[in-house]
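Asker: For the protein sequence lines, the chains are A and B, in the order given. Read in our numbering, the first sequence has 23 at position 21, and its numbers run on one by one without any break. Read in our numbering, the second sequence has 145 at position 143, and its numbers run on one by one without any break.
These aren't lab readings, by the way, just hints derived from the structure by calculation. Treat the hints with care, since some could be wrong.
Any copy, or any two copies together, can satisfy a pair, since identical chains are not distinguished.
[What the hints assert, rightly or not] Pairs of lysine to any residue residues, derived as SDA-like cross-links and limited to a Cα-Cα distance of at most 25 Å, are as follows:
# : residue 1 : residue 2
1 : 102       : 63
2 : 144       : 64
3 : 144       : 91
4 : 144       : 93
5 : 144       : 95
6 : 40        : 149
Protein chains: 2
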Amino acid sequence: MADILHRIGCVAPLDDVYQAIVTPERIAEWWTTDTVGKSEVGGRLAFRFGEAGGFDMEIVELDPAGHVRWRVADGPAEWIGTEIDWRLERRGEWTIVLFKHEGWREQVEFMHHCSTKWATFLLSLKYLVEQDRGRPWPDELKVSDWT
Amino acid sequence: MADILHRIGCVAPLDDVYQAIVTPERIAEWWTTDTVGKSEVGGRLAFRFGEAGGFDMEIVELDPAGHVRWRVADGPAEWIGTEIDWRLERRGEWTIVLFKHEGWREQVEFMHHCSTKWATFLLSLKYLVEQDRGRPWPDELKVSDWT
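Isolated chain A, as found in the complex (with noise of 0.2 Å):
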């Protein structure tokens, strides 16, 4: 198994950051502007990328405290079963996010361009939280011909 890290801190309350990740209208402004479904527990969330296709999670965990879980239901082969893991801290004026995309049963080529492409997303969301300025797709910052 293989997992996929992050680490980035926002200027910003740990509230804004959870309602962030967990509202989809607010996804909707950082990762893909075709986010819909329900945020609860056992509830789900599908994901678009236009022909690129998309994901569905389950939600497994939401705790206003600074934890969030979902589980991939459908999507690319590589990504189903897999689980992706938030956790958010204050330090001082920082909220700390540390994310895992955990679970891959490989580290195919695919694995190397998601945790290129999260790295973008997580800036995106960053940069929604402080300054109202993120980059969701299909406006997203492009790394490869992969986009």
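Chain A is fixed; fit chain B onto it per the hints.
Answerer: Just chain B, lined up with the frame of chain A:
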């Protein structure tokens, strides 16, 4: 053991990307302006980031066909003994960079941070070879309280 993976694509000749990860003067334009050393197998490169310290890398592999490998000889305890592997491949108009920083003993918070920072430095490398717009330390993109 745990690894940091990334993938970027550059619209640039493979040799331009190769030179940018092999030549100290070029590395200084996307990673840290304080890069010195000699690029030869068995040689060392020293990367410094002011008061934050830095890394000494021993060069393990240098293949202009598209493979470079460094071993961390000195730096933060978590980095010593880890290896950084670069593979370059041509695909149409693209040079694809498959990056791996491998051999982390534990998934510590610092590993999360380094993964996100590597993504931003790889994008700096991409902008350098495509548009001559690298962003090396000390003016690199900041991602958190750990800069």
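Asker: If a hint holds in the structure, say so; if it doesn't, say that too.
Answerer: Here is how each hint holds up against the structure:
1. In this assembly of identical chains, the alpha carbons of residue 102 and residue 63 lie at most 25 Å apart only when taken from the same copy (14 Å versus 31 Å across copies).
2. For the identical chains of this complex, residue 144 and residue 64 are neighbours neither inside a copy (30 Å) nor across copies (29 Å), given an alpha-carbon limit of 25 Å.
3. For the identical chains of this complex, residue 144 and residue 91 are inter-copy neighbours only, at 18 Å across copies versus 29 Å inside a copy, given an alpha-carbon limit of 25 Å.
4. When the C-alpha separation of residue 144 and residue 93 is checked against a cutoff of 25 Å, the pair qualifies only between copies, where the shortest distance is 17 Å, while the shortest distance within a copy is 31 Å.
5. Taking identical chains as interchangeable, the C-alpha atoms of residue 144 and residue 95 lie at most 25 Å apart only when they sit on different chains, with a minimum of 15 Å there against 31 Å within one chain.
6. For the homomeric pair residue 40 and residue 149, neither the shortest alpha-carbon distance inside one copy (28 Å) nor that between copies (35 Å) is at most 25 Å.
Hint compliance for this structure: hints 2 and 6 are not met, and every other hint is.
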